[in-house]
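Numbering (our numbering), first residue to last: 272 to 701.
Be careful, since some hints might not be right.
[Claimed, not checked] 30 Å max Cα-Cα, derived DSS-like pairs, lysine-lysine: (1) K522 <-> K434; (2) K341 <-> K313; (3) K483 <-> K434; (4) K401 <-> K304; (5) K434 <-> K686; (6) K313 <-> K359; (7) K648 <-> K627; (8) K386 <-> K458; (9) K508 <-> K522; (10) K484 <-> K426; (11) K313 <-> K327; (12) K327 <-> K401; (13) K648 <-> K686; (14) K277 <-> K347; (15) K327 <-> K374; (16) K584 <-> K386; (17) K458 <-> K313; (18) K484 <-> K304; (19) K686 <-> K426; (20) K662 <-> K686; (21) K374 <-> K401; (22) K313 <-> K347; (23) K374 <-> K627; (24) K341 <-> K401; (25) K484 <-> K508; (26) K584 <-> K434; (27) K508 <-> K386; (28) K313 <-> K277; (29) K374 <-> K304; (30) K648 <-> K665; (31) K374 <-> K277; (32) K508 <-> K426; (33) K386 <-> K304; (34) K366 <-> K327; (35) K347 <-> K434; (36) K327 <-> K347; (37) K627 <-> K584; (38) K426 <-> K313; (39) K386 <-> K347; (40) K304 <-> K347.
The hints are simulated quantities; they were obtained by calculation from the structure and are not laboratory data.
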Amino acid sequence: MGNETKQYRTRITDYALQLKLEAFGAALLVGPKGCGKTTTGKHFSNSYIEFQDEDKRDRYLAVAENMPSKLLIGEKPRLFDEWQDAPKIWGAIRKDVDDTGLKGQYILTGSSSQKVETPHTGTLRISTLKMFPMSLYESGESSGNISLMDLFDGKNVEWEESKLGIEDLIYAICRGGWPQSVSIDNKEAALSVASDLFYQTCHTDISNISGKKRNPLWAERLLRSYSRNICTLAETKTIYADTATTTEISKPTFYEYFHDLEELFIIDELPAWCPAIRSKEAIRAGNKRNLVDPSIAVAALGLSPEYFNTDFKTLGFLFESLCIRDLKIYSSSMNGEVSYYHDRYGLEADAVLHLKDGRYALIEFKLGSKEIDLGAKHLCEIERLIIEYNKKEKQVPLRLPDLKLVITATEYGYKRDDGVYVIPIGCLKN
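Work out the full structure: start from the sequences and follow the hints.
What follows is the structure, encoded as structure tokens:
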């Protein structure tokens, strides 16, 4: 398989896409612009139609408008890139899947900034797969010597050493996991990719996705305010108030912009895990603020890698955002979901990774070694509360955590005496 001339970088979602093609007639790849949807789609296709090819565009669109089934003729799997330009192709694919009953026939990719209403949902015919930017393991910056799945399966970590230094990590946060930037050797040039993505999102894409002319300045200020609150439980009204201090944006319009950025897969928040280990009133159930890649926050705030030499507090939030991004990517191959836990007594787990078989990990993110003890204490306290809860509620006991992890930017990985694993992000993979 594969039609590219350049070498394909293996993606963690590759396995998930293979499963989709074995189970459904077609797969739709969605995700933020620039995350590699087209490249992955081409790698798994044996023929393709690119509606953005100006040399063939008019001919393709004419056929798609009058007899879209003709475009389905070709070696399978067949990719339709920028399929939204020819929305009738959706119905043609749906019908062909119904008629033939064959699996793995088509792959669709398209711009996240173009929204198309289709007359049929494609349910059970066209299955959707979300892609993210690259994780540190996919970009080659994590050694991958520690596997999350191996940990769940009982494999111990005796001792591992990360080769990813703090300066390298800062650069990876600022550059982001965008495939285009990862492949650029010139570091300064690579940093410009996230800045350009931020600019295009605010000046072009947010208007395209809504079909309304949006004020790019307001979009920039909203993302800047949001970025100042990344990986916190800041209320939406707080972000609105901050945005409104420098713009004339109304509250209803603010929420429209906010929704547009979600539709563009730029805002990618973390839901709460709400076990009843304390009274229900003690649970913080709002989403944790996050972006699909920390580089967008860096670009929105107008920062550079050198800035973080004197601001480790902001770096800590961005490090958490990077870890959440990678966990979401890794969990996608494990039938997993990522959430967080935080109660009003201050007890927290920065992330909770749940697998479909019921196993789960409590996770804290700590930038430096001095914070590891505090993170481990939080995780052990949550485990203790669950044990206490189960003594009282014997009919419906809560499962104890299968793993307790502190993911760090430090050098060494090991298992503590309290059962908590300390895992450098530079050693982690799915």
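Consistency of the hints with the structure:
With a C-alpha separation of about 47 Å, the suggested pair K522 and K434 falls outside the 30 Å cut-off, and the hint is violated. Among the hinted pairs, K341 with K313 is consistent with the structure: their alpha-carbon atoms are about 20 Å apart, no more than 30 Å. Of the pairs offered as hints, the one joining K483 and K434 is violated, with about 47 Å between alpha carbons and a cut-off of 30 Å exceeded. Pair hint K401 plus K304 holds up; C-alpha atoms about 12 Å apart against a cutoff of 30 Å.
For the hint linking K434 to K686, the alpha-carbon distance of about 19 Å falls within 30 Å, and the restraint holds. Between K313 and K359 the CA atoms are separated by roughly 21 Å; this keeps the pair inside 30 Å, and the hint holds. Distance check on the hinted pair: K648 and K627 sit about 27 Å apart at the alpha-carbon level, within 30 Å; holds. Distance check on the hinted pair: K386 and K458 sit about 34 Å apart at the alpha-carbon level, beyond 30 Å; violated.
The straight-line distance between the Cα atoms of K508 and K522 is roughly 9 Å, inside the 30 Å bound, and the hint therefore holds. A hinted pair counts as satisfied when its Cα atoms are at most 30 Å apart, and K484 with K426 does not qualify at roughly 54 Å. Taking the CA atoms of K313 and K327, the gap is about 18 Å. The hint holds against a cut of 30 Å. About 28 Å separates the Cα atoms of K327 and K401, which keeps this hinted pair within 30 Å; it holds.
Only pairs whose Cα atoms come within 30 Å are accepted, and K648 paired with K686 is accepted, the gap being roughly 14 Å. Of the pairs offered as hints, the one joining K277 and K347 holds, with about 22 Å between alpha carbons and a cut-off of 30 Å not exceeded. Of the pairs offered as hints, the one joining K327 and K374 holds, with about 28 Å between alpha carbons and a cut-off of 30 Å not exceeded. As the CA atoms of K584 and K386 are separated by approximately 38 Å, the hinted pair breaks the 30 Å bound.
Under the criterion of a C-alpha separation no larger than 30 Å, the hint pairing K458 with K313 is consistent with the structure, at around 27 Å. Using a Cα cut-off of 30 Å, the hinted pair K484 and K304 holds, with the two alpha carbons roughly 19 Å apart. Taken as a hint, the K686 and K426 pair is honoured in the structure, with Cα atoms around 11 Å apart against an allowance of 30 Å. In summary, the hint linking K662 to K686 is supported, as the alpha carbons are separated by about 28 Å, within the 30 Å threshold.
With a C-alpha separation of about 19 Å, the suggested pair K374 and K401 falls inside the 30 Å cut-off, and the hint holds. Between the alpha carbons of K313 and K347 the distance comes to roughly 11 Å, so the proposed pair stays at or under 30 Å and holds. Under the criterion of a C-alpha separation no larger than 30 Å, the hint pairing K374 with K627 is consistent with the structure, at around 24 Å. The suggested pairing of K341 with K401 holds, with an alpha-carbon distance near 28 Å, which does not exceed 30 Å.
Only pairs whose Cα atoms come within 30 Å are accepted, and K484 paired with K508 is accepted, the gap being roughly 24 Å. About 23 Å separates the Cα atoms of K584 and K434, which keeps this hinted pair within 30 Å; it holds. With a C-alpha separation of about 27 Å, the suggested pairing of K508 with K386 holds against the 30 Å cut-off. Proposed proximity of K313 and K277 is supported: the alpha carbons are some 12 Å apart, at most 30 Å.
For the hint pairing K374 with K304, the CA-to-CA distance comes to about 27 Å; that is within 30 Å, so the pair holds. Of the pairs offered as hints, the one joining K648 and K665 holds, with about 25 Å between alpha carbons and a cut-off of 30 Å not exceeded. With a C-alpha separation of about 28 Å, the suggested pair K374 and K277 falls inside the 30 Å cut-off, and the hint holds. Proximity of K508 to K426 is assessed by CA-CA distance (about 45 Å); at most 30 Å being required, the pair is judged violated.
Restraint check for K386 and K304: satisfied, since their Cα atoms lie roughly 13 Å apart, inside the 30 Å limit. Proposed proximity of K366 and K327 is supported: the alpha carbons are some 25 Å apart, at most 30 Å. This hinted pair does not check out: K347 and K434 have alpha carbons roughly 42 Å apart, beyond 30 Å. Straight-line distance between C-alpha atoms of K327 and K347 comes to about 20 Å, which keeps the hinted pair within the 30 Å bound.
This hinted pair does not check out: K627 and K584 have alpha carbons roughly 35 Å apart, beyond 30 Å. For a cut-off of 30 Å, the pair hint linking K426 to K313 is broken: about 36 Å separates their Cα positions. For the given pair, K386 sits about 26 Å from K347 by alpha-carbon distance, which is consistent with the 30 Å threshold. Restraint check for K304 and K347: the C-alpha separation of about 25 Å stays at or below 30 Å, so the hint holds.
Checked against the numbered hints given earlier, the structure breaks hints 1, 3, 8, 10, 16, 32, 35, 37 and 38 and satisfies all the rest.
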